[in-house]
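Let the sequences and hints guide you as you build the complete structure.
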Amino acid sequence: MAVLSFIEAIHLAMKEEMERDEKVFILGEDVGKKGGVFKATQGLYEQFGEWRVLDTPLSESAIAGVAIGAAMVGMRPIAEMQFADFILPAVNQIVSEAAKIRYRSNNDWNCPIVIRAPYGGGIHGALYHSQSVEALFANTPGLKIVIPSNPYDAKGLLKASIRDEDPVLFFEHKKAYRLIKGEVPSDDYVIPIGKADVKREGNDLTVITYGLCVHYALQAADRLAEDGIDVHILDLRTVYPLDKEAIIEAASRTGKVLLVTEDNKEGSVMSEVAAIIAEYCLFELDAPIMRLAGPDVPAMPYAPTMERFFMISPEKIERAIRELAAF
Amino acid sequence: MAVLSFIEAIHLAMKEEMERDEKVFILGEDVGKKGGVFKATQGLYEQFGEWRVLDTPLSESAIAGVAIGAAMVGMRPIAEMQFADFILPAVNQIVSEAAKIRYRSNNDWNCPIVIRAPYGGGIHGALYHSQSVEALFANTPGLKIVIPSNPYDAKGLLKASIRDEDPVLFFEHKKAYRLIKGEVPSDDYVIPIGKADVKREGNDLTVITYGLCVHYALQAADRLAEDGIDVHILDLRTVYPLDKEAIIEAASRTGKVLLVTEDNKEGSVMSEVAAIIAEYCLFELDAPIMRLAGPDVPAMPYAPTMERFFMISPEKIERAIRELAAF
Amino acid sequence: MTNLHHVELGLTDQDVLKMYETMLLARRLDERMWLLNRAGKIPFVISCQGHEAAQVGAAFALDPGRDYIAPYYRDMGVVLHFGMTPRELMLSAFAKAEDPNSGGRQMPGHFGYKKKRILTGSSPVATQVPHAVGVALAGKMQNKDYVSFVTLGEGSTNQGDFHEGANFAGVHKLPVIIMVENNQYAISVPVDKQLGGRVADRALGYGMHGVSVDGKNPLAVYQVMKEAVERARRGEGPSLIEAVTYRLTSHSSDDDDKYRSLEEIAKEKANDPLLLFEKYLMDANVATKEYLEEMNDKIMEIVDDATDYAEKAPYAPPEHALKFVYWEGDE
Amino acid sequence: MTNLHHVELGLTDQDVLKMYETMLLARRLDERMWLLNRAGKIPFVISCQGHEAAQVGAAFALDPGRDYIAPYYRDMGVVLHFGMTPRELMLSAFAKAEDPNSGGRQMPGHFGYKKKRILTGSSPVATQVPHAVGVALAGKMQNKDYVSFVTLGEGSTNQGDFHEGANFAGVHKLPVIIMVENNQYAISVPVDKQLGGRVADRALGYGMHGVSVDGKNPLAVYQVMKEAVERARRGEGPSLIEAVTYRLTSHSSDDDDKYRSLEEIAKEKANDPLLLFEKYLMDANVATKEYLEEMNDKIMEIVDDATDYAEKAPYAPPEHALKFVYWEGDE
Ligand SMILES: Cc1ncc(C[n+]2csc(CCOP(=O)(O)OP(=O)(O)O)c2C)c(N)n1
Ligand SMILES: Cc1ncc(C[n+]2csc(CCOP(=O)(O)OP(=O)(O)O)c2C)c(N)n1
Ligand SMILES: [Mg+2]
Ligand SMILES: [Mg+2]
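Protein chains in written order, with our numbering: chain S, 1 to 327; chain F, 1 to 327; chain C, 1 to 331; chain E, 1 to 331.
Calculated directly from the structure, the hints in this document are not laboratory data. The C-beta atom is built at its ideal place from N, Cα and C for all residues, glycine as well. Heads up, a few of these hints could be off.
Quick list of simulated restraints, FRET-style, between CB atoms [what the hints assert, rightly or not]:
id, chain 1, residue 1, chain 2, residue 2, range
1, S, K181, E, E293, 48 to 54 Å
2, C, K115, F, S313, 34 to 40 Å
3, C, D305, F, P295, 33 to 39 Å
4, E, D256, S, N107, 43 to 49 Å
5, F, K181, C, K298, 49 to 55 Å
Okay, structure coming up:
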């Protein structure tokens, strides 16, 4: 089994799906000749030609809207937003259109699109190349939001997203692209959307998180294991709609829950996770539900001092776990 | 003291503010000659002239963006979005621009705009004239989101919003416009943004809600009082950023909490309210935190059967309270 | 009317009678909906009155068995030509379960019917423009020879989505035809407060063919549409057609229409496209007054039948609100 | 260069020397930033190289004490003319606390300086167009006679915000000048895959004045800008100026630039606007080679000073990240 980086896994999933099904095509800014600003689509233009790896005008709303139109008549578009921050001009197409097409037509039409976008910070991207935007969409029935944490999941979840009959937002942490490597089988596996995954079994305390923070939480857990603190880690993988059962099970297992997101704290995906726990397994808890998140400021600043202040790190997670464990 | 309808209170607040400060102006679709599709601005075009009550082209992103530009150089624009559903083309201007202008310029520039929009259902508005969109914005530091529940609050909060130094989204339940009447002083009072308000004191159970649902909760509480169930009602009034202290106090007071919103349940403002309670006063609770909300479907259908199925009503609140009280 | 003659356009007498019939059917259905609204039987109407010539003239140049359409809320004339039946339209007006557009979930005017190649539409204006472009892109990628037709109001051409969609089509020379039904108002705002320039002039900036046409004359609209369809099928790219007309009713049943003078409306009613076309048909000896009256009588029966049928049809049950958020398996 | 002469445009020898000086200063600062980036001292550069003539030519037609500007990320030439100092630009490149644009919060190129009438900018392209229109609207409402100037790249004119902002300005005849710096690429995508039509042709659809100009010649840009400014001040409404040039560096320090041929770049480097203008100044006997070399030496000292100053300046403390989300009281 090959060891691939996160972005190589993304690339492989697209390549395999395009080989499998000629209805699958990619569109976005600089995805063609340049192969994407992060090189996720490198080589695909050469392999599949310019119509299947289409460089679009600089218009996110059109990228989403054109993808929606093509999907309605049977194509399987994968739209790339260059940075998650730049999905915002396309919100109306995504929320008013893609998410509501099946429902509003009473199941007559559907809209199988995937919108991929690199999110997250810690790469000196400043305010507009560092944001987590999932919460903005995580109140939109009709959408699914997938955020993988490692190369294996990335490949399997992206394939599942491309084959899904409904619109999927697929966010990839840009710091994970080259940082995180892992074994990725070359066979055609898919990982079901909507299912969270236990990334580490433990009995003292539960961490629920997603994306790059899973990687950080695993690092923190390894260190804490040396001190006899046994951490259970649940990777949400799909942040909307949430996997309630898995959340309830993970929270109940240890009775102490730390929720971690790189997003701003108030109104994040973790608010819903906390609400689920408080609704379904409140009496299993031995401590208040703790959230570790970005501060409630607009976005991550550029200067390294302030960027570090904002970012989640293994150290911050470790500190929070120690505090909660001591409760 | 005059008894005014909700929309008359909104109208009065704008009129008084425009008389007080000539930097205040209104812009939006059909706000001028027509006086707005709900007549909120009726008569203002005649009183203040076409430049201060400006009919704009059908372009929400420009309405927001032009308002932002004018606000940066000292004006006090009130932008009307014809329906909250149609704020979505302006999300990029609101989230990327308005909300971040002070922060990104390190306090050099600021953006004192108000964006008003009628939200909510129960008026045969179908999918796109019924939505609650507050949750989409309620993860955006730099923004404030105000949703008043009665005419008195509407006037005082709208005046505070217009005088605020930062961008405020101001959502008005369109079913409340003519349904809800109340005494509104003719003097120049403001109600501080960011403060929740106890609308009914009670000792058995706490309902936390906002907007039209406050009205419904009060109706339910009156009926329940006859059966000896004494309900405490907290009106959030500002749904972002939330008034943590007031939430903690209201939840702790009775130990049983029902959160009510007309929005879809998953990822709503009530998720954050639940998370705050679970974080700060978990051990004061005697029952799981219950949420009553719209179902997780894209939006309210047009047919009366399905619309009623979606909408919150005093009866649904009453039933939920009885269930929680019996816990 | 101009001095266009249908035979010169390659249309038979039967063709223009069919055009007229569809226009009249649209008008009568629309009028009935207003009555039903005023009687408190349906909550909402948004009207095609004044637009029928543009709609039917344009639709006639398309092939309903092959082409896709992304109509906007006034396009009753377009969807009738594409095969939506009066009963189906009335089911939608009454929000009944059997409505093929949305099963009663959407307001009337929010068309959609997969079998008939009518894309599903929403309320936020202009979002359908990129969709139609996407349909055209899919056709081009798969070497299909269909045309994608999309309409919107002139006010709605000020939305970003119009611009982004039109430019995308222009860059890739896609077989899309955008028809703007310019009825002089966007609710209360007259066109000179909506657009800095003229609608048809926007085509240039997208590298597409642009033309303004008399939208009250179905033959004139048919002519420019036919040319646009031919260009599209030949791979010569998109077109922008501005069909100039006037809205004969208020914006919708919720609008008091106080922003226009009664004189202006009265003057425009004298140029009602239906009256003009009726006169044309008689002048051209295609039909007599009696023939058209008979046609009207038959249409009224159809309208009555559709109304009765829809009024008696059931609503979807309340819990149906929970269905079809996501895929629930193949049927 | 065309046969334009600065004296005929009402410019003195001092004026054109000042123009050249600002262009050269922008170039040298930009080059230094690349060196600092390659040396690992600053994380990011986005460049003005190739745009200096358009930027400085345009800015020269404005009044920095009166007019507002909403520049985009390449506009170092514009902001230098509006009074931003080399030290300030370097503070921004190093993300230091004293940076007046953002206190080190934003990437370089995200300009903003209230005292100097430079609106604060963001990364999502074209959002500044409606802002500039709003500034112009505020001026018109208050009977002020300033002009609002906004720039963006040609790819960015495909955003909805360009369209919506331009149309708003056209409808209300606002004193806005939109200059598009058309450098032939939006990152890797060449202009023929970006725009269906030509940039300047978009003006017509907004009812505004549109013109395409040689963006490598500051005098040509100055000329059309001056006319646009005069129209704006006379209340004759907005203008769209397309300044045609070429991007001499890669898109940014993160771009490998493999999508353009080396021949193409080499050819364009021969038409570097700085070289062309240098030649013009010498041909017109405004300056000798020695004079310009001396000027360059002085500029290099300024660049050195700015680099040293900024490198030594402190970062904002970590907790400063929490400040200024909302109003915190008057200072
Ligand atoms: C994005 C959006 N904003 C506002 C509205 C409300 N609205 C519905 S129709 C309309 C006017 C449309 O005018 P025009 O495009 O000229 O079409 P017409 O109704 O005149 O045919 C408006 C403002 C909407 N549907 N969508
Ligand atoms: C809304 C948005 N989408 C994508 C980007 C990423 N991006 C930054 S610059 C750029 C290309 C801009 O091209 P152009 O407008 O021609 O300006 P140039 O850089 O060539 O001067 C892109 C795609 C962005 N900043 N904003
Ligand atoms: Mg119109
Ligand atoms: Mg460019």
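These are the hints, each one checked on the structure:
1. K181(S) - E293(E): 48 to 54 Å: Holds: the Cβ-Cβ distance is about 53 Å, inside 48 to 54 Å.
2. K115(C) - S313(F): 34 to 40 Å: For K115(C) and S313(F) the Cβ distance comes to about 37 Å; the hint holds.
3. D305(C) - P295(F): 33 to 39 Å: At 36 Å between Cβs, range holds.
4. D256(E) - N107(S): 43 to 49 Å: holds, 46 Å
5. K181(F) - K298(C): 49 to 55 Å: Given a distance of about 51 Å, which is inside 49 to 55 Å, the answer is holds.
Of the hints listed earlier, there is not a single one the structure fails to meet.
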